[in-house]
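Visitor: Fit chain B to the known structure of chain A by using the hints.
In the order they appear, the protein sequences are chains A and B. Using the UniProt record's numbering, you'd call the opening residue of the first sequence number 1 and step up by one each time. Using the UniProt record's numbering, you'd call the opening residue of the second sequence number 1 and step up by one each time.
Rather than coming from a laboratory, the hints here were simulated on the basis of the structure. Zero decoy hints are in this set.
If we take Cβ atoms under 7 Å as the criterion, some of the chain A residues that face chain B in the derived model are: (1) Glu249; (2) Gly250; (3) Phe263.
Cβ atoms here follow ideal geometry from the backbone N, Cα and C, with glycine treated the same way.
What follows is the residue order along each chain.
Protein chains: 2
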Amino acid sequence: MTSPPLVVFGIPGLPEIAAGDDLPRLIADAARRADVQPGDILAVTSKIVSKAEGRIAAAETREQAITDETVRIVATREHPGGVTRIVENRLGLVMAAAGVDASNTADGTVLLLPLDPDESARRIRVAVEGRVGAPIGVVITDTAGRAWREGQTDITIGASGVRLLDDLRGAHDASGKLLAVTAPAVGDEIAAAADLVKGKTSGMPVAVVRGLDRHLDPAAPGGRSLVRPAADDMFYIGHREAHEAGRAEGREAGFAQGYAEGFAEGQAEERGASGAS
Amino acid sequence: MTSPPLVVFGIPGLPEIAAGDDLPRLIADAARRADVQPGDILAVTSKIVSKAEGRIAAAETREQAITDETVRIVATREHPGGVTRIVENRLGLVMAAAGVDASNTADGTVLLLPLDPDESARRIRVAVEGRVGAPIGVVITDTAGRAWREGQTDITIGASGVRLLDDLRGAHDASGKLLAVTAPAVGDEIAAAADLVKGKTSGMPVAVVRGLDRHLDPAAPGGRSLVRPAADDMFYIGHREAHEAGRAEGREAGFAQGYAEGFAEGQAEERGASGAS
Numbered sequence: 001m002t003s004p005p006l007v008v009f010g011i012p013g014l015p016e017i018a019a020g021d022d023l024p025r026l027i028a029d030a031a032r033r034a035d036v037q038p039g040d041i042l043a044v045t046s047k048i049v050s051k052a053e054g055r056i057a058a059a060e061t062r063e064q065a066i067t068d069e070t071v072r073i074v075a076t077r078e079h080p081g082g083v084t085r086i087v088e089n090r091l092g093l094v095m096a097a098a099g100v101d102a103s104n105t106a107d108g109t110v111l112l113l114p115l116d117p118d119e120s121a122r123r124i125r126v127a128v129e130g131r132v133g134a135p136i137g138v139v140i141t142d143t144a145g146r147a148w149r150e151g152q153t154d155i156t157i158g159a160s161g162v163r164l165l166d167d168l169r170g171a172h173d174a175s176g177k178l179l180a181v182t183a184p185a186v187g188d189e190i191a192a193a194a195d196l197v198k199g200k201t202s203g204m205p206v207a208v209v210r211g212l213d214r215h216l217d218p219a220a221p222g223g224r225s226l227v228r229p230a231a232d233d234m235f236y237i238g239h240r241e242a243h244e245a246g247r248a249e250g251r252e253a254g255f256a257q258g259y260a261e262g263f264a265e266g267q268a269e270e271r272g273a274s275g276a277s
Numbered sequence: 001m002t003s004p005p006l007v008v009f010g011i012p013g014l015p016e017i018a019a020g021d022d023l024p025r026l027i028a029d030a031a032r033r034a035d036v037q038p039g040d041i042l043a044v045t046s047k048i049v050s051k052a053e054g055r056i057a058a059a060e061t062r063e064q065a066i067t068d069e070t071v072r073i074v075a076t077r078e079h080p081g082g083v084t085r086i087v088e089n090r091l092g093l094v095m096a097a098a099g100v101d102a103s104n105t106a107d108g109t110v111l112l113l114p115l116d117p118d119e120s121a122r123r124i125r126v127a128v129e130g131r132v133g134a135p136i137g138v139v140i141t142d143t144a145g146r147a148w149r150e151g152q153t154d155i156t157i158g159a160s161g162v163r164l165l166d167d168l169r170g171a172h173d174a175s176g177k178l179l180a181v182t183a184p185a186v187g188d189e190i191a192a193a194a195d196l197v198k199g200k201t202s203g204m205p206v207a208v209v210r211g212l213d214r215h216l217d218p219a220a221p222g223g224r225s226l227v228r229p230a231a232d233d234m235f236y237i238g239h240r241e242a243h244e245a246g247r248a249e250g251r252e253a254g255f256a257q258g259y260a261e262g263f264a265e266g267q268a269e270e271r272g273a274s275g276a277s
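Same shape as in the complex, but just chain A:
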């Protein structure tokens, strides 16, 4: 079994996006000019979705914006410039600063992630399919750091019409052996491939990913399908935070036990001392 070649290219000609713009229509227009084909997947940088949806805050309210987007704190580190907060945000994403972003934004402003990236993706898909006249897929991407690895990769935070997790558990490998735990995170690999042409400095916020028709599925679940439930995660909080919580808990238990033993020993000691006097 061979796979078709994968072709990824940026869509040129999108204007600078501002709050209130009809982004689905603008992308559909640009997609038609770029000759988007049935079966293509559009990878849309979340930043332009946020801009169109007016998810903008004043830079001086950045810390409050991060707090508002935060569901729980995963890890914090102080550094000379302030405090970095790695948090789980309301989309379930574990990200530095909750995904609140200050790059490629107007001066004095920060961008929040789209309110509902799956719904944003759905609207773009409907608009583009209206022009193409056949099914396509849309993923909304953002840039995220990782545990253990240097640098960032793009990941998929919302989607419409694309199966993001290719669950092979139960399938067989080329030698006929059962693939027990294999579930390629196709959605994140698509985002990564798209980032290779979009880049951070090119001003090209939408890429076409061609050759993955087999991952199209109009009924596929959205961005949450790539979010591991926190209860299943071995890295639910940072090691320093977990260590401190454990230390506080242990100190309390140890103190109680030590106090009880010490008290008894102290009494016995005093009793012996007074008995000997």
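Guide: Chain B only, in chain A's frame:
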């Protein structure tokens, strides 16, 4: 500034690889048949490198093989089938089972990661460049799980001639703003893009990634450039392990403090009691 399109395709016609095979020559032959061009990057699945280099162990020695590959244990979880060990291996990679793999291997065997994937990549690069007559790049890829995210993506564990981390710190975004912390992990994004055509079931272990000439650099460092030094990591060990270590430390400290206070209180109490008698 626009980027050229990215084209990714599998190289057909590689034979099943066995220990002792001259993999660089076999890949160079297949690459020439597939019309590999100057500036292309070859993404080679580590599995065939391991097979050629004889990095094979009997399945019944799997647990020992994992132990041998382990530098430190990051997290462990018991489950009905045994214990999953997330560890840092001798390549600095944090992986389940240290990267020891039982899929797509001969029955009764497991595969260890290549001893020196950068050197393996270098040999392949030299052989392919000998045929192409111009610089190309090689990355050795493997499949890894992630914290917080479902599924696996391919990552780059060794490389030759490719700048894996595109350090933009100090560069400016499209709006002229300084990109403070941005360093795309290009090597991992290349591995991810290649996995979209190689897949887990296609039997296509080498992909060509075309259109990233700008990331070629004969002097670029290898796979370690994508490994975050453990001291910088907020997820050095799992939260349960960190919590347990903190709890043990806290218990000891708490016990000592509690014992001292309890002892004094016990003495005082006894003194008071005997004084009152």
